[in-house]
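Chains as they are written, first to last, in our numbering: chain A, 1 to 329; chain B, 1001 to 1195.
Read the hints as simulated data drawn from the structure, not as lab findings.
Be careful, since some hints might not be right.
Said to hold, decoys possible - Within a straight-line C-alpha distance of at most 16 Å, the following computed EDC-like cross-link-like pairs (lysine to aspartate or glutamate) qualify: (1) A:244 with A:191; (2) A:276 with A:243; (3) B:1097 with A:315; (4) A:28 with B:1073; (5) B:1171 with B:1159; (6) A:27 with B:1073; (7) A:288 with A:315; (8) A:3 with B:1068; (9) A:244 with A:315; (10) A:224 with A:253; (11) B:1097 with A:34; (12) A:285 with A:315; (13) A:244 with A:229; (14) B:1036 with B:1162; (15) A:3 with B:1073; (16) A:96 with A:191; (17) B:1006 with B:1132; (18) A:288 with A:305.
Since this is a predicted model, take the numbers as computed values, not measurements.
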Amino acid sequence: MEKILLSLLSLGGMGLLFGAVLAFASKKFAVEKDPRAEAIREVLPGANCGACGYPGCDGFADAVASGRAPVDGCTVGGSPVALKIGSIMGVEVDQKERVIARVLCQGDCNNAVNKYEYRGIQDCVAASMLAGGYKGCGYGCLGLGTCVRACPFDAIHIEDGGIAVVDPDKCTGCGKCVEACPKNLIELIPESSQVQVLCISRDPGKQVRQNCKVGCIGCRLCVKACQFEAIDFVDNLARIRYDKCVNCMVCAEKCPTGAIYADFAKRKVAIIAEDKCIGCTACRKVCKFDAIEGERKQKHRVLGDKCTGCGQCVERCPVDAITLNLRQN
Amino acid sequence: MEYVGKIFVILISSILINNFVMSRFLGICPFLGVSKRVETAVGMGAAVTFVMAMTSLITYIIQYAILEPLGLEYLQTIIFILVIASLVQFVEMVIQKTSPTLYQALGVYLPLITTNCAVLGVAIINIDEKYDLIQALFNGVGAALGFTLAIVLFAGIRERLELSDIPKPLKGFPIALITAGLMSVAFLGFQGLIK
């Protein structure tokens, strides 16, 4: 009887003692936290990807609460999260356009030539150290999955042809793959842009042609075709200026190798609402493709086969009679 | 001088010969769980070292000041667990207050130590071997250093395994377990180093 009592007392007493010490310590060593940091942490995606430059979502939340990080610093959450954080912090947030990563290479096993067979460590960084990689083209995607492993969102995969392709639905534009790629092949591109040069080779055209069927050979046909000065040409390579590009996709039609990619399924066409048109000819004058016909004071018409959906006429029309729609077929 | 010699023997024995992970097979859970990167392995090792040293001290005092005089040795396990759990909680609070950077670095590993059987193991071995206070302390530190040595070595190997061309069925945990087994065989070589 005495033994039971003794054991109960000592075990219970010790538990009580430790409990009291812990309770005291939790008061004494309480860390004061900014309640806003916790509120911000709640609205963050919680992927702990580190794309904001802080160690995980907790670090970012603390940084925002103490004013060291911008409220729209989370690229993964995008504008919806930025708006919520803005309302917690009580500041206005500018709307930013969503960006998506894109691998600027189409040189899969059907299109590109290999210069040797690689059997080393299955990693692009390691492979690119061996004479710049096994691809004939020194700029091409090696497809060993360094970006796949870097992606925290499972949004990038190696396709059958052996090059990496981004899944635009899953991509959050965090930029992890951009840092990981040893070939600097991945670029963050505005979501609205439907035309991209999928090649970064700066080699002379003849060499590009030998190594890859779909590389940019530097022929400048796209630069001549572009009516909006949206293509820069530097170092044998065409580059699209996304701030000027209007997605008319004319360059992609002209490109002889197919290095310029355009999503033709999303190509638009202008339609003039006849009841609104006052026959001012403003749209006909602004159209760079002669795709609008009609005499002064008469209803105008869009020639569907000539219209590229560039949208210049929409902006020009004084009575808002023109809209851009997806092509029906 | 003889006493210092004995402490040295205890240190070498607990670090190499009776390495907690490789020879006694204690603390396998964190050994496999947090050995993916050397950095975190070092953090875990540091946290375990601190907790083991503190536990050795406190459990020793409790054993000889409370349990033995009252004849309550059979309560050893449950009370030692109580001590370890409270100690880890306490240490966590103190670190969070005094050094947020260290707290961030240790992260989840600190509370994980609560359920690390190596810590309970060192407390009970101290009593079984009838060490005195100083010897118990050194046995605790030595055991923790041995744990750190094993986990850091293992993490280094696993980092290399990540980049190696491993047959598909062995990828991930299977190859890690095989590696751990081979390391244990290697540590067998220390057997018989002292007497």
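### Message
Need the status of pair residue 1036 of chain B, residue 1162 of chain B: alpha-carbon distance at most 16 Å?
### Response
At roughly 9 Å apart (the allowed maximum being 16 Å), residue 1162 of chain B and residue 1036 of chain B satisfy the hint.
### Hinted pair residue 244 of chain A and residue 315 of chain A, Cα distance within 16 Å
holds (15 Å)
### Query
Taken at face value, is the distance from the CA of residue 229 of chain A to the CA of residue 244 of chain A at most 16 Å?
holds (7 Å)
### Query
CA of residue 28 of chain A to CA of residue 1073 of chain B, is that 16 Å or under?
violated (34 Å)
### Task
Quickly compare the C-alpha distance for residue 3 of chain A and residue 1068 of chain B to 16 Å and report which way the hint goes.
holds (13 Å)
### Query
Quick one, are residue 1097 of chain B and residue 315 of chain A close enough, alpha carbons at most 16 Å?
Given pair residue 1097 of chain B, residue 315 of chain A is violated - Cα atoms ~60 Å apart, limit 16 Å.
#### Entry: Agreement of residue 1171 of chain B and residue 1159 of chain B with the hint, judged by alpha carbon distance not exceeding 16 Å
holds (13 Å)
### Message
Check the hint pairing residue 285 of chain A with residue 315 of chain A against an upper bound of 16 Å on the C-alpha distance.
### Response
holds (13 Å)
### Task
With a cut-off of 16 Å on the C-alpha distance, tell me whether residue 276 of chain A and residue 243 of chain A pass.
violated (31 Å)
### Query
Can the restraint linking residue 27 of chain A and residue 1073 of chain B be considered satisfied, given a maximum Cα separation of 16 Å?
violated (34 Å)
### Task
Compare the distance between the alpha carbons of residue 244 of chain A and residue 191 of chain A with 16 Å, and conclude whether the hinted pair is satisfied.
This hinted pair holds, its Cα atoms lying about 14 Å apart.
### Query
Are the Cα atoms of residue 288 of chain A and residue 315 of chain A separated by 16 Å or less?
holds (14 Å)
Consistency note: the structure conflicts with the earlier hints numbered 2, 3, 4, 6.
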